Amino acid sequence: MTPVTNVIICGTGGQGILLASEVLCSAARSAGNDVKKSEVHGMAQRGGSVSSHVRFGDKIYSPLVEKGFADLILAMEKMEGLRWASYLAPKGKLVACDLRINPMTVNTGLAEYPDIDAIMIEEKLPVSLVPAVEIAEELGNMKVVNVVLIGAISTHLPIDLEHWHKAVKEQVPSKFLEINLEAFRRGRELFG
Amino acid sequence: MRKKLNTVMEGTLLLSGNEAVARGAWESGVHFASAYPGTPSTEILETIAEEYDEIDAQWAPNEKVGLEVVAGASFAGARVLSAMKHVGLNVAADPLFTLSYIGATGGIVIVSADDPGMHSSQNEQDNRLMGKAAKVVVLEPSDSQEAKDMVGEGLRISEEFDTPVLLRMTTRICHSKSLVSVGPRKEVAVKGYKGDIRKRVPIPAHARAMHGRVEKRLREMSEWGAGSMLNRIEEGDPSVGVITSGISYQYVKDVYPEASVLKIGMSNPLPWKLIEKFIGMVDRVVFVEENEPFLEDAVRARFLIEADGKNIIPVEGELNPEIVRNALRPESVKALTWQAIDLPARPPSLCPGCPHRGAFYCLSKIKGSSTGDIGCYTLGLMPPYNALETTVCMGASIGVLSGIEKAVGRVGMGKLVAAIGESTFVHSGITGLIDMVYNGNTGTVMIMDNSLTAMTGGQQNPTTGKNLKGGDAPVLDLEGLVRACGVEHVRVVDPHDLKEMEKVLKEEIEREVLSVIITRRPCIMSYRPKKRVVATVDLEKCIGCRQCMKLGCPAISWEEDHPDISGLLCWPNCNMCVQVCPVGAISKDLGGLE
Chain A
1 MTPVTNVIIC
11 GTGGQGILLA
21 SEVLCSAARS
31 AGNDVKKSEV
41 HGMAQRGGSV
51 SSHVRFGDKI
61 YSPLVEKGFA
71 DLILAMEKME
81 GLRWASYLAP
91 KGKLVACDLR
101 INPMTVNTGL
111 AEYPDIDAIM
121 IEEKLPVSLV
131 PAVEIAEELG
141 NMKVVNVVLI
151 GAISTHLPID
161 LEHWHKAVKE
171 QVPSKFLEIN
181 LEAFRRGREL
191 FG
Chain B
1 MRKKLNTVME
11 GTLLLSGNEA
21 VARGAWESGV
31 HFASAYPGTP
41 STEILETIAE
51 EYDEIDAQWA
61 PNEKVGLEVV
71 AGASFAGARV
81 LSAMKHVGLN
91 VAADPLFTLS
101 YIGATGGIVI
111 VSADDPGMHS
121 SQNEQDNRLM
131 GKAAKVVVLE
141 PSDSQEAKDM
151 VGEGLRISEE
161 FDTPVLLRMT
171 TRICHSKSLV
181 SVGPRKEVAV
191 KGYKGDIRKR
201 VPIPAHARAM
211 HGRVEKRLRE
221 MSEWGAGSML
231 NRIEEGDPSV
241 GVITSGISYQ
251 YVKDVYPEAS
261 VLKIGMSNPL
271 PWKLIEKFIG
281 MVDRVVFVEE
291 NEPFLEDAVR
301 ARFLIEADGK
311 NIIPVEGELN
321 PEIVRNALRP
331 ESVKALTWQA
341 IDLPARPPSL
351 CPGCPHRGAF
361 YCLSKIKGSS
371 TGDIGCYTLG
381 LMPPYNALET
391 TVCMGASIGV
401 LSGIEKAVGR
411 VGMGKLVAAI
421 GESTFVHSGI
431 TGLIDMVYNG
441 NTGTVMIMDN
451 SLTAMTGGQQ
461 NPTTGKNLKG
471 GDAPVLDLEG
481 LVRACGVEHV
491 RVVDPHDLKE
501 MEKVLKEEIE
511 REVLSVIITR
521 RPCIMSYRPK
531 KRVVATVDLE
541 KCIGCRQCMK
551 LGCPAISWEE
561 DHPDISGLLC
571 WPNCNMCVQV
581 CPVGAISKDL
591 GGLE
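Respectively, the protein sequence lines represent chains A and B. The opening position of the first sequence corresponds to residue 1 in my numbering, with each subsequent residue numbered one higher. The opening position of the second sequence corresponds to residue 1 in my numbering, with each subsequent residue numbered one higher.
Treat the hints as calculated values from the structure; they're not laboratory data. A couple of the hints might just be wrong.
Stated by the list, open to error - Beta-carbon label-pair distances, calculated as ranges: (1) D283/B / H165/A: 49 to 59 Å; (2) E54/B / L161/A: 39 to 49 Å; (3) R219/B / E170/A: 45 to 55 Å; (4) M142/A / K415/B: 53 to 63 Å; (5) D115/A / E507/B: 48 to 58 Å; (6) K166/A / D196/B: 53 to 63 Å; (7) P173/A / G440/B: 50 to 60 Å; (8) S566/B / T155/A: 30 to 40 Å; (9) M142/A / L336/B: 17 to 27 Å; (10) M142/A / R300/B: 27 to 37 Å; (11) L161/A / K334/B: 25 to 35 Å; (12) K273/B / L161/A: 29 to 39 Å; (13) K175/A / I543/B: 15 to 25 Å; (14) S526/B / K175/A: 15 to 25 Å.
In this text the structure is predicted, and so the values were computed from the model without any measurement. Where is the CB? At the ideal position from N, CA and C, for every residue including glycine.
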């Protein structure tokens, strides 16, 4: 029996979190798993926090990851990664895009954006920061940041490369396939 | 190019609960569907319209009309579906309660998408109680496969037992994806319309007989439910018997796989015989259900048993695996490796380029405020605007403003206006405006017309010129409608023209008779700008006065002593920051984009 793998993808509205979680679900399914995912739409679309839970394995019941059980958290924005830290399993990993997006509470002066890097060190979080924005800039399309990040987490998950490739092909429009496959490759080689 | 789903006749698909409901409707031969958008139900009709051409689907102006239209189609023998969010069922309650007496000729499934945890809602009502009060069948799926299957089974039950069926979903079912095995569409003939006044005209003489039939139907269905696949016992450790339904079932299976479980799929009427059997099998009964103690109260009142339920699981909020573990199996709770970290909240905000920003910026600038309504513009309550002070339900902004004037008079009302979107105005604001005219109110109603039902993700409505299927539709003439209600002073203004917006607000608030302002500019979700132009700040000219920060634009952040405008977030067709800068430090060449 394959153990259940628990993943949380988080970030802010408009970052392509839903596409990223669709790619992950496709890959997990292609590898023969039962899959469930859960996300909340609605108010989240207006730039608020967005998250998607993905679980796969032989048989999945809850679509939500239980606190303390996440094997992997992928954060498309640094502070959002910290927000979900308590969901990490003891041996879980946090992969975060090295990107800061101010919430309106910071812009309007009601709050300060915390020193995320310092907190990550202080809390001894098992975190890897990924320069996904720089990689996407090099590739000339900011929209592929999410696929760079999917590439970055791909080596951390029990899914073979062929299934990832198939999933990217299924989920991105064909005219952007090449750049997305390249984005995936660049992300993946970060954790070689 | 992805294949349309009505060409997929077999296999397994990863579908959300909403997509599964659409699939179930298609496979079961549904002919017609109508709804008003509302999170978390909106994607049901959208999926039907995009994927399943065989179903005639349309947006209604509100949920009451949506249900009435499908009722009529059912009277004519069509299989029908209507969908709404939980509070939408309040709007549709009037037809629902009597439709229960009338019954169904073609099968009727009504989806109520409840929102435990209030991810995108103003209350947390549990519509199993509404279904019980209306005396209709209530089905509760616990994943997408069941959501699909229960549409088909619901239609069958509806026709066999002559009753509307309420399919009670929740956000976590609507917006979670799981695997669904699919099949082809089974065509069902429309039976045709045949008048039957004893069945469909509930004058008291008829209605008394109808009510008798309803009570008989509920007794028969309870018997039937004990043997139905909808409800099942999963025998396990007899020391604990969990009675559960919906998403809660999945959490129970995860945290306590050994427990005996009675999974209720039909929660009204309850299958008493099956429940009695289960109670006899286990030593201790625990009810695990979200929000109201619906199963718990009914079962404990009938069988007078000791049990755990809402004493260990909260009524308020959405359940999740950790809440269920803490309640059901506290001995298995492990200490967390990392604790939650206190961080600034990231609340939603009006999008960069949002037309509502201009209206709220000006209202805030003249120290006005508003009675608010349901839509994106509810965000007018947030800083830096602080320009919205009440919200009750769809359409209530206008009635509330009238009532404040009745209580404290025109002077006491100060600079309050009613703020309501065009879709919400059409939904249920019109009657409030007629009331204002009829009863001599003098306030100002601001209809914020962005020509899209935006909060729910961008749907068409009677003012947009398009229907659900993307076809052309007549455009509702808002100015003409408002005038026809008896309003003499109607002004249309572009909310991005800040000078004009402020002037119109001032003049209409000061006006001693009733007036309507229509702020008109399309929602940014409804079009794609042709060119990518962004605002830039000239740091030589900037005096650090923070006027631009008063716009509350997500693209503008403050860096020590000057604003920084994000090129990624700045919306091309907007130059409100250019307008508010008193020294001309912000520039943007719109170059014909208007």
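To see whether the hints hold, each was checked on the structure:
1. One distance hint, 49 to 59 Å for the beta-carbon pair D283/B and H165/A, holds here, with the actual separation near 53 Å.
2. Taken as a hint, the range 39 to 49 Å holds for the pair E54/B and L161/A, whose Cβ atoms sit roughly 40 Å apart.
3. In this structure the supplied range 45 to 55 Å holds for R219/B paired with E170/A, their Cβ-Cβ distance being about 50 Å.
4. Our hint of 53 to 63 Å for M142/A and K415/B is violated, since their Cβ atoms are close to 43 Å apart.
5. Taking 48 to 58 Å as the suggested C-beta distance range, the pair D115/A and E507/B conforms, at roughly 49 Å.
6. With their beta carbons about 56 Å apart, K166/A and D196/B fall inside the hinted range of 53 to 63 Å.
7. About 58 Å separates the C-beta atoms of P173/A and G440/B, a value consistent with the hinted range of 50 to 60 Å.
8. For the hinted restraint 30 to 40 Å between S566/B and T155/A, the CB-CB distance of approximately 32 Å keeps it satisfied.
9. Taken as a hint, the range 17 to 27 Å is violated for the pair M142/A and L336/B, whose Cβ atoms sit roughly 35 Å apart.
10. For M142/A and R300/B, the hinted distance range of 27 to 37 Å is not satisfied, since their beta carbons lie about 57 Å from each other.
11. Taken as a hint, the range 25 to 35 Å holds for the pair L161/A and K334/B, whose Cβ atoms sit roughly 34 Å apart.
12. With their beta carbons about 54 Å apart, K273/B and L161/A fall outside the hinted range of 29 to 39 Å.
13. Range check, K175/A to I543/B: Cβ separation about 47 Å, and the 15 to 25 Å hint is violated.
14. Look at S526/B against K175/A: about 24 Å separates their beta carbons, and that is inside 15 to 25 Å.
In terms of the numbered hints stated before, the structure departs from hints 4, 9, 10, 12 and 13, listed from lowest to highest.
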